[in-house]
Amino acid sequence: MPETANLVLKSKIMSAAEFERALKRIAHEVIERNKGAGDVALVGIHTRGVPLAERLAGLIERFEGSRPPVGKLDITLYRDDLTEISLQPIVRRTEVDFDVHGAKIVLVDDVLYTGRTARAALDAIIDMGRPAAIQYAVMVDRGHRELPIRADYVGKNVPTSRSEIVHVRLREVDGEDGVELWERAA
Amino acid sequence: MTGAAAHVPPAPPPAAAARRHRHLLDFEGWTAEEVVSLLETADVMAQVLTRPVKRVPALQGYTVATLFFEESTRTRLSFERAARAQSADVISFAAGSSSLKKGESVRDTLRTIEQLQADLYVVRHPSAGVPHQIARWTDRAVVNAGDGRHAHPTQALLDAYTLRAALTEAGLPPQDRARPFAGRRLTIVGDIEHSRVARSNAELFTLLGGEVVLCGPAALLPRELGRLPGVHLTTDLDEAASGADALMALRIQRERLGPRRLTSLAEYVARYQLRERHLALAKPHAFVMHPGPLNRDVEVATELADGPRSLVERQVASGVPVRMAVLYALLVGRS
Amino acid sequence: MRLALRGGRLLDGAGDRGTHDLYVKDGVIEGLDLGGPVDVDVDAEGKLVTPAFLDLHVHLRDPGQEVKEDLASGLAAAAAGGYGTVVSMANTDPVVDDPGIVADLVARAARVEGARLRPAAAISRGLRGEELTDFAALKAAGAVMVTDDGVPVADSRLFRSACEYAAELGLVVQTHSEDPTLRDGGVMHEGAVSQRLGLPGNPDAAEAVMVFRDGEVARLTGARVHIAHVSSRRGLEVARWLKASGAPITVEVTPHHLTLTDESLCGFDPVYKVAPPLRTTDDVAALRAGLTDGSVDAIGTDHAPHTLAEKQQDMLTAPFGIANLEVAFPLLYTRLVLGGALPLERLLWLLQDGPARVMGWPAPRLEPGAPADVTVLDLGSERAVDGARFRTKAKHTPWQGEALRGWPVATVVAGRLVHRDEG
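Residue numbers (this note's numbering), protein chains in the order written: chain D, 28 to 213; chain P, 24 to 358; chain V, 1448 to 1870.
If you are wondering where the hints come from, they were derived from the structure by calculation, not from laboratory data.
Careful: at least some of the hints might be erroneous.
[Claimed, not checked] Here are the in silico distance ranges between beta carbons for each label pair: (1) S110(P) to E88(D): 34 to 40 Å; (2) V1514(V) to G206(P): 30 to 36 Å; (3) G1786(V) to N33(D): 49 to 55 Å; (4) E51(P) to R1555(V): 47 to 53 Å.
Cβ coordinates follow ideal geometry from the N, Cα and C atoms, glycine included.
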């Protein structure tokens, strides 16, 4: 694909060990902030937010003894750029099998960038019911917000320029965990 | 250092592709893969309609115009609902209203309507080919909502969607995602000659890997349709029903056909009405379908129409999600 | 008024007369290479000079439908197509079923610059197929043919009577041979394509049945019956058999039935909607074979203009007809002659001697004393069809953009230059 042909690896931001540590820290923070994980539900944003949410749920279960429900959210139908883009995103199933009403939802995604994906996720969740609260966990916050959105839980803050791409690798998908910084060749 | 996973550059956003079709006029030029994607999108749209807020903002900013030169309140409302459920604006032109003038050429009507700057036209017309003509004259998207006897692609899509789901629930999911009806037979009974539902279903069902049997009175069964790949013709309903996975009955309109075309309605009912006996000849799981509205005890015996194998209500319910998927597929990614 | 057509190759039904300057004076052919002063000079160097064509089948829409065509545009279009004389059909508004209307047509046409007009008159009043018109009076007013073309004469008894009167008076009867109830509202050929497209079909049996009826009545009455626009293998076979068994019939085929098939309708464009309909490749092959084996006696255009708006209606509502006067010769020359299916001489015969024979008129010749109806054809240069440049009001054509050779660059009718292509 033309996209990948022009990309050059710049640096490795997080090793597999650092990744695991950050994820554990986030799990502890979620438990602490919500005073236990009793009424917490995780919702992973397609695509990479989903395995991340599953992992987080597993860690929370390890620390607290009970596993929060995990939902999968596809935000395609809530994007704000559908009248402008030239490609057509494939719409995937959203699977939120628990009741959103009154729940404490933690949205999970790999990278927070402009904030538009998070905005779409908020609208999608709220159309499903009225949650008690929505929190937001990301592995990497790379700056360049275009909307007033912030993450409640961050694995790592990484200042980037717009020509760079942050790639969160997951062992379920890519064979190993880690975070890489790539750049578009001139 | 594992030395294993070579550093693979991140792939572009998964599953976005160039929009491949400007229009949905019939299935000419559509691949099975493209149709199955539509059906999968319809699944997601169906979910939306189960939520407290039965709407998504996906088509906000787009305008959909329905041009129904031939009246059909049900189909028109289904399309308009599909548009509004994705937050698109709707403009309606209906046959009875003064906005569609009798005697005005389609071209001139289009010129007037173009002033309203819709992004997509949903067109139904008593003559075959009008959606194709309109598609030649406009740079907007066109969806065929039924053109004469030629095609009714969204009906075929919702029939495929319904049958595919019913087969899966019956424990018979497709073995090949892109050929969901491989090894399956759909039997369509009725006035085949005048039926756009028959033509579109024959086209789509065979595209998706299946076989179609067209059955009806001899004077209403066009011989040349038997030459299409995967299509067989017969005037014998018992033969047509044997081994079928689904039996679909079409509306018969004897007043329109007249006594020079069709023997009496009583003879039609005696020879072509779907009954228990035909279900027994079909496969054990076989379903009963009808595009609606159904003439009770004419095309389908009441026990079958109301029975556990009837998919008629599900067909109706699947109209909106399928049409939502079609609108999404034709509008998003246009720029 | 004296004209010279210089340096062209002269060809008519009598043969190749060599390359000469052809002189025309006061409406007749004067002779070859005569020299002397002329009023009009036409350069025909490298071109073919041949008698102007004769078309026994055009719809000029005048009187009453002048928005589609009128005498001025129609006769100019004919001249631009290399035609010197056309026989106009009677299905106008009002129908040409009255001697006054015939006389009026003749008078008005005389004042128009273009091909000569010979009107046909209707067989039945108003084309309703119920009452005979007054054949003798119509002939006296100038009618050369009787026909209800546009519609078949369904009532065989009426058709028989028409043939009996026509035979007595020496009028040719032209038939639109289609059984109306078998045709049953069909808008295209009934076959695999129509059944797939879901458009009502018109089977070839409708034509074959009626050709047989028309031919038998011709045999019964001795009338000269000219079967218009035969479109199918079956129809041609029936006509061939009828001729062989002594029926005094002649057969016409149109340029569109020789070059287009029902596949053209796959785009649902009514520009291809015509009656009888475009049929299959097999039918086209049969018609082409008929051009050389004596089955076909004449090529007639059945020029049938309609407005653009009418042809942009839907397939069921749009009127039937293709307008092709200006493109007929180039189309047939390029596709059939250059394509190797037909010798040039035979194509010219089907446009000149053949139709003249059908009408019982003298064969057109480039001989001193013959009427000065001549056309100059450029067989060499290729040019794309451009409807916008047509003289006919029907500028939308099925052949738009196609590269053809054989364009008529000049036409002389009754000794006057009525068409000149500036290039």
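Hint by hint, here is what the structure shows:
S110(P) and E88(D) have their C-beta atoms about 39 Å apart, which keeps the hinted 34 to 40 Å range intact. Separation of V1514(V) from G206(P) is about 59 Å and departs from the stated range, judged on CB atoms against 30 to 36 Å. Under the hint 49 to 55 Å, the C-beta atoms of G1786(V) and N33(D), about 53 Å apart, fit the expected range. E51(P) and R1555(V) have their C-beta atoms about 50 Å apart, which keeps the hinted 47 to 53 Å range intact.
The earlier numbered hint that this structure contradicts is number 2, and it is the only one.
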